[in-house]
Each structure stands twice: as C-alpha cells, then as structure tokens.
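**Q** Based on the sequences and whatever the hints tell you, model everything.
These protein sequence lines are chains A and B, in that order.
All residue numbers for the first sequence refer to my numbering, where the first residue is 1 and numbers rise by one.
All residue numbers for the second sequence refer to my numbering, where the first residue is 1 and numbers rise by one.
Careful, some of the hints might be misleading.
Here are the simulated distance ranges between beta carbons [claimed, not checked]: (1) A83(B) <-> M27(A): 24 to 32 Å; (2) E54(B) <-> Q17(A): 44 to 52 Å; (3) R77(A) <-> E54(B): 35 to 43 Å; (4) A82(A) <-> T20(B): 36 to 44 Å; (5) Q72(B) <-> V12(A): 40 to 48 Å; (6) E30(A) <-> N12(B): 36 to 44 Å.
Here are the simulated lysine to aspartate or glutamate pairs, EDC-like style, with alpha carbons at most 20 Å apart [as the list claims (entries may be wrong)]: (7) K63(B) <-> E101(A); (8) K3(B) <-> E59(A); (9) K57(B) <-> E59(A); (10) K3(B) <-> D84(B); (11) K71(B) <-> D84(B); (12) K55(B) <-> E59(A); (13) K71(B) <-> D38(A); (14) K17(B) <-> E101(A).
Far from chain A, some chain B residues (derived; all Cβ distances over 10 Å) [said to hold, decoys possible]: (15) T22; (16) N24; (17) R42; (18) D67; (19) Q81; (20) N93; (21) L100; (22) V110.
Source of the hints: derived by calculation from the structure; they are not laboratory data.
For glycine and all other residues, C-beta sits at the position ideal for the given N, C-alpha and C.
The lines below spell out each chain.
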Amino acid sequence: NAGVTQTPKFQVLKTGQSMTLQCAQDMNHEYMSWYRQDPGMGLRLIHYSVGAGITDQGEVPNGYNVSRSTTEDFPLRLLSAAPSQTSVYFCASRPAGEGNEQFFGPGTRLTVL
Amino acid sequence: SQKIEQNSEALNIQEGKTATLTCNYTNYSPAYLQWYRQDPGRGPVFLLLIRENEKEKRKERLKVTFDTTLKQSLFHITASQPADSATYLCALNAGNNRKLIWGLGTSLAVNP
Numbered sequence: 001n002a003g004v005t006q007t008p009k010f011q012v013l014k015t016g017q018s019m020t021l022q023c024a025q026d027m028n029h030e031y032m033s034w035y036r037q038d039p040g041m042g043l044r045l046i047h048y049s050v051g052a053g054i055t056d057q058g059e060v061p062n063g064y065n066v067s068r069s070t071t072e073d074f075p076l077r078l079l080s081a082a083p084s085q086t087s088v089y090f091c092a093s094r095p096a097g098e099g100n101e102q103f104f105g106p107g108t109r110l111t112v113l
Numbered sequence: 001s002q003k004i005e006q007n008s009e010a011l012n013i014q015e016g017k018t019a020t021l022t023c024n025y026t027n028y029s030p031a032y033l034q035w036y037r038q039d040p041g042r043g044p045v046f047l048l049l050i051r052e053n054e055k056e057k058r059k060e061r062l063k064v065t066f067d068t069t070l071k072q073s074l075f076h077i078t079a080s081q082p083a084d085s086a087t088y089l090c091a092l093n094a095g096n097n098r099k100l101i102w103g104l105g106t107s108l109a110v111n112p
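**A** Below, the structure written as structure tokens:
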C-alpha cells in the first residue's frame with residue numbers, strides 16, 4: 001500500500017492564481033481531511049469528508065474548496081491564492097469509528113508570492 | 001477559551017533517560033486523546049490513543065497517562081535514543097468524533 005499520497009511536494013504561486021493540491025489514499029478509508037500547519041498555529045483543519053459525496057468545513061475553510069467524488073481522492077482547490085495561504089498542507093485519512101488513527105501524507109509546501 | 005498546551009520549550013535529554021512530555025487542556029471533555037510524532041519535513045505519525053476511561057496506556061518504550069480531573073496527559077519515552085528526537089503532538093477529540101484539536105507540539109532532542 002502506498003498509504004496517503006500528495007502532489008505536488010512543493011509549489012510556488014503568484015497572488016491570484018488558482019491550483020489544486022492532490023490527495024489520494026489506497027486504504028479504503030471513509031474519512032479524509034485537509035490540514036494546514038503554520039509556525040505557532042499548529043495543525044488546523046480546513047475541510048473534511050466522511051465519505052464519497054460528503055464534505056464539510058473545518059476551522060479555516062475560507063479560500064479553499066474540496067470535493068470527494070471517489071473514496072480514494074480528495075483534492076483541495078485554492079480559488080485565488082493569497083500570501084496568507086503560504087503554509088504546509090497535509091492530507092490525512094482514517095477509517096470510520098471513534099478514535100481511529102489518522103494517516104498523514106507527506107505534505108505540500110506552498111508559497112504564495 | 002478552549003485550548004491545548006504543550007511544553008513550548010524544546011526538551012533536551014541524555015540518551016537512556018526518560019523523556020516526559022506534557023499536554024494540558026482547558027474547557028474540553030474529550031472522549032480520547034492521541035499522541036503523534038512528526039519529523040522535519042514529514043507528516044505526523046500516530047503513536048498512541050488513550051480514552052477517557054483509561055488511566056494509562058503502554059506500547060513498547062512509550063507510556064501515556066490521562067488524568068481527566070487535572071485535564072492533563074503525560075507522554076513518557078523510557079530508555080530514550082537519539083532516534084526518538086522529533087516533535088511530539090497531542091490531539092484530542094473535542095466532542096465530535098470527526099475532528100481533532102491539536103497542540104503545537106514539543107520538540108525533543110535526545111543527545112548521545
């Protein structure tokens with residue numbers, strides 16, 4: 001199993017550009033989440049999904065869109081990049097059920113100029 | 001306000017000693033708490049889960065305690081090794097089993 005994969009690993013955008021961060025998992029997990037990690041802020045939940053066709057907002061959803069058309073894929077779209085979105089983005093997945101461990105991808109380091 | 005606090009200063013210990021990391025929280029009544037390890041440039045990796053009705057959990061050299069009265073979890077690494085050097089994150093379930101609330105992490109350095 002590849003686990004959780006994310007692409008790209010690094011990305012530089014200009015303000016106003018849009019892009020999609022890709023996330024895929026091959027463990028058949030129901031739950032998938034997107035986090036951003038910033039110094040002094042810890043991991044903050046952007047959006048999450050409890051299954052194909054179901055998504056919901058997390059703590060910091062503004063400026064991001066998600067969709068979940070399949071169990072495996074959970075892309076994160078930046079609509080119009082802003083410098084405040086410079087961060088490291090992690091995708092995670094886990095089985096349904098309380099307390100199950102989350103499996104994280106390797107992260108995408110995004111810089112918005 | 002609701003928050004989670006972990007040791008903000010880096011912890012430096014000598015190889016072979018026991019490392020103890022603290023996770024304190026306020027205004028939550030979590031059903032469980034998890035500990036993760038994060039190495040530079042990588043995603044967090046799950047280590048241990050402890051539920052509200054459990055006082056202690058062990059896994060090899062790792063031990064976690066959970067005191068819901070003190071609103072505190074302690075994470076111990078016994079017989080520490082330089083390979084244990086990393087940042088350790090605590091996360092707790094804030095009443096909704098779909099979401100975790102994360103601490104900022106404590107950086108641990110084990111010196112040979």
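**Q** Are the hints correct? Go through all of them and say.
**A** Hint check:
1. A C-beta distance of roughly 26 Å is found between A83(B) and M27(A), which places it inside the suggested range of 24 to 32 Å.
2. For E54(B) paired with Q17(A), a C-beta distance near 48 Å keeps the hint of 44 to 52 Å intact.
3. Taking the beta carbon of each, R77(A) and E54(B) are about 40 Å apart, inside 35 to 43 Å as hinted.
4. The hint said 36 to 44 Å for the Cβ distance between A82(A) and T20(B), and at roughly 41 Å that hint holds.
5. Separated by about 42 Å at the C-beta atoms, Q72(B) and V12(A) satisfy the suggested range of 40 to 48 Å.
6. Between E30(A) and N12(B) the CB atoms are about 41 Å apart, so this pair conforms to the stated range of 36 to 44 Å.
7. About 17 Å separates the Cα atoms of K63(B) and E101(A), which keeps this hinted pair within 20 Å; it holds.
8. Taken as a hint, the K3(B) and E59(A) pair is honoured in the structure, with Cα atoms around 14 Å apart against an allowance of 20 Å.
9. A threshold of 20 Å between alpha carbons decides the hint, and for K57(B) with E59(A) the separation of about 30 Å lies outside it, so the pair is violated.
10. This hinted pair does not check out: K3(B) and D84(B) have alpha carbons roughly 26 Å apart, beyond 20 Å.
11. For the suggested pair K71(B) and D84(B), the alpha carbons sit about 26 Å apart, so the restraint of at most 20 Å is broken.
12. For the suggested pair K55(B) and E59(A), the alpha carbons sit about 30 Å apart, so the restraint of at most 20 Å is broken.
13. For the given pair, K71(B) sits about 25 Å from D38(A) by alpha-carbon distance, which is inconsistent with the 20 Å threshold.
14. Taken as a hint, the K17(B) and E101(A) pair is broken in the structure, with Cα atoms around 28 Å apart against an allowance of 20 Å.
15. At roughly 16 Å, the least C-beta separation between T22(B) and chain A is larger than 10 Å, which holds for a residue marked as non-interface.
16. At roughly 14 Å from the closest C-beta of chain A, the C-beta of N24(B) stays outside 10 Å, upholding its exclusion from the interface.
17. Distance check on R42(B): its Cβ comes as close as 6 Å (rounded) to a Cβ of chain A, failing to clear the 10 Å threshold; non-interface status is violated.
18. The beta carbon of D67(B) sits about 18 Å from the closest Cβ of chain A, which is more than 10 Å, so the claim that it is off the interface holds.
19. Consistency note on Q81(B): stated as away from chain A, and its beta-carbon is indeed over 10 Å from all of that chain's, at 23 Å minimum.
20. A beta-carbon of chain A is positioned within 10 Å of the beta-carbon of N93(B); the least distance is around 7 Å.
21. For L100(B), the condition that its CB be more than 10 Å from all CB atoms of chain A is violated, with the nearest at approximately 7 Å.
22. Against the 10 Å criterion, V110(B) stays outside the reach of chain A, whose nearest CB is about 23 Å from its own CB.
In the structure shown, a violation is registered for the earlier hints numbered 9, 10, 11, 12, 13, 14, 17, 20 and 21, in ascending order.
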